[in-house]
Amino acid sequence: MRAEKDNAIERKKRHQSRRPRRGGTPHRMLRGFILAGLVLAIGRPAHALINPGFTPVHLTQQSHLVVQLKLSVAGPKGKEKITAQVVKALKGTAPKAALIDMSEMRKEEAEAFVGQVRENGDGPVLLFFGKYEEEGGGDDMGGMGGLEAGGGRRIPPAFVHIIDRWLSVRNDKGGKWFVEAIDTDMQATWAGSTKMLIRCVKYVQSATNPAVPSKTGAAWEEEEERKIAKMAGKVHGALAVDVKGNGRSYLHILCEGGDRLFLYDKKAKKFGDVTGSLKLGAKSRVAAWADFDRNGTFDLASWDGKALTLWLQQKDGAFLRKATGVKLPVCTGLSVLGVGATMRAGLLVSTKHIPLLLTPGEDGTFSCAPIEGVAAGKWKGSALGEARPCVVADFDRDSVADIVQPFAAGVFLYRGRKGGGFEPASLACDVDQKGRPLIGTGKGFGRANAGDFDHDGKLDLFLVTEECCQIWGNVGGGKFVDTLRFSGELAYISKGDGRSAMTVDINNDGRQDVFITYFTRPPHLFFNRGFRSFGHSHAMDLEEHELFPKLKKGDQDEERDKKGQQAGVVHDFDGDGGQDMIIVLDDGEVWVYWREYGASEPLAVRAVLPASGPAGPVRVMAWSKKRLLGAWSVSPATSEAFFGLFEQGPCKLKWQFPGGKVRRKTVVVENKPLRVELTP
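Following my numbering, the numbering of the sequence shown begins with 17 at its first residue and continues without gaps.
Hints may be right or wrong, so weigh each one.
Each pair of labels, with its calculated beta carbon distance range [as the list claims (entries may be wrong)]:
id	residue 1	residue 2	range
1	459	566	30 to 36 Å
2	446	567	22 to 28 Å
3	243	482	27 to 33 Å
4	561	662	23 to 29 Å
5	536	561	18 to 24 Å
6	450	339	47 to 53 Å
7	285	614	15 to 21 Å
With a straight-line Cα cutoff of 30 Å, these simulated DSSO-like cross-link-like pairs (lysine-lysine) come out [unchecked claim]:
id	residue 1	residue 2
8	211	250
9	688	641
10	86	123
11	246	578
12	474	231
13	368	331
Hints listed in this document are in silico derivations from the structure and should not be mistaken for laboratory results. Where a beta carbon is used, it is the ideal one built from N, C-alpha and C, also for glycine.
Model the full structure from these sequences, guided by the hints.
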């Protein structure tokens, strides 16, 4: 395909620009090494395409020695001394501590390296030593080392990884070790942080068949007709909704001209519009689904720009309109939030100011109050710029839902109390020397969603903003840090002007991926290689494969001048275990792209909240064998946990509701996706 040819050309250009490296004979013991290489700028590392022939799996398995170091600097400027303390050996026998001799380094190189070590502080450093061979060596369209006389390839005998960059290492005839250069080729092996690389190494060592994917491993089916419908009026969102609570997912398009519900018909092999038959007359700008009247069915809460209305689902499946009587300011988001001892479905309303909590009463009406009982003029968020829609999830792992509110120049965390209610807002990030928060969405549009992108059980945040995409890693203690720099190809291929994003698992490998829609360009999918290092999904890129919808003009198909999307959603709409993609174009056309089966039927465990249970949200984790598949935040009807699996077998789930015991359940996935209802 064209994309594969383009990638090959780019790899060839990158390969031709390399210079041969000097040789060196491996030494059995690491007794000391001198860091005296080419260390240039300390900004972002150079970028490279992912190398399938030398992943962290190859690196770890072919290494004789993998050592975690701690580097420190002492001495006056220009005469600094760097020492290396051995923390532990991850593989092989740990050597003794070593002194770093910089006497042979050029002044600018030494200064650059010293700055890098100081930036790292107490952070870990990894040294890999071995005899390396690239899988599929001899292919000159990529690879690790420079070409040598015989046309073969030589990979340096050792590498150092510090912060987010690689340095190639060689040993001198005298037995000393030199860092030769910043190694941009190794970014194609791993583009991420040293901390995540340590976890990756441990995973490779413990897994029976470890994998750090170099490509998506999924594609779209070849379909001639993908168009579903055309919306009349401005579209504000697209949701996958388990309307009946039976596992069949409806497509809900939020539209000023009238919402529409579509259901996929397996016999007809197409979506059908069921809006009229269900008597749904909502015109939503924002919406949320839950069982608001406690009759065992899912209902819709819809704000149309003026009033908040409930559309209550009756036993026959039809919807009945009911006014709430609640007057809201500008509503930027609605989130379902369990309140009270039974966690009955309430609503968190995001505004341009203090979030509002709508608590249901016994008569079906809502009471409305700010999340914090402070006067508007004393609200601390006023100093952080424009407020963005909130995200509700259990961010501190205490089984109680919390609220994160991003701002243009900061972020708030409202911790949920086990007895009900929320703690006062706290700044959920560190500040610089002038007291300014280190993270924020910047000016313009901004929206966040939760996901566990490094698979540690803590929910992180992915954000689309006018300026760029961002990943705020959850480091515990109610704090988030900017981790975009350590996120692989996502850091430099994703664009600004994002409209929405979703956490997905597009290839059923149990690693959480990212789906992005844009105001001005085709959507993006990024697959997770593991531990928050992403690759661009070329195989599913609509523009690269010329799959972005064209305009029909007579007998001719023409490229669109405008390629943005009003909305998008990724979900398993046909129930085959693979997630599909739906986008709503600028002109209101709705298009679907079906996940291809591939060599085997997609498998997954889908964990959901039933209508009759607590409203959540609840954090659920899963393990496949020994591998932690991370955590998902599950809300009624619209937000399930989707744990993709490569093979049949057991999958262990763990979750907990407020005030309840930790629940564990092991399910066995055989030849189809499995749906599991989460209960207290």
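query: Given the proposed pairing of residue 211 with residue 250, does the C-alpha separation stay at or below 30 Å?
result: Violated - the C-alpha atoms of residue 250 and residue 211 are around 44 Å apart, more than 30 Å.
query: Taking 30 Å as the top limit, are the C-alpha atoms of residue 688 and residue 641 close enough?
result: With Cα atoms ~18 Å apart, residue 688 and residue 641 stay inside 30 Å; holds.
field: Cβ distance range 23 to 29 Å for residue 561 and residue 662, holds or violated
entry: holds, 24 Å
message: Need the status of pair residue 368, residue 331: alpha-carbon distance at most 30 Å?
response: violated, 37 Å
- request: Would you mind confirming whether the straight-line C-alpha gap from residue 86 to residue 123 stays at or under 30 Å?
  value: holds, 23 Å
task: Hint says 47 to 53 Å; check whether the CB-CB distance for residue 450 and residue 339 agrees.
output: holds, 49 Å
query: Is the distance from the Cβ of residue 285 to the Cβ of residue 614 consistent with 15 to 21 Å?
result: holds, 19 Å
- request: Could you see if the CB distance from residue 536 to residue 561 stays within 18 to 24 Å?
  value: holds, 20 Å
Assessment of proposed distance window 22 to 28 Å (beta carbons of residue 446, residue 567): violated, 49 Å
Verdict for residue 243, residue 482 (Cβ pair) under range 27 to 33 Å: holds, 30 Å
- prompt: Between residue 459 and residue 566, is the Cβ distance one that fits in 30 to 36 Å?
  reply: The hint (30 to 36 Å, Cβ to Cβ) holds, given that residue 459 and residue 566 are roughly 34 Å apart.
Proposed proximity, residue 578 with residue 246 (alpha carbon, max 30 Å): holds, 16 Å
Checked against the numbered hints given earlier, this structure breaks hints 2, 8 and 13; the rest are met.
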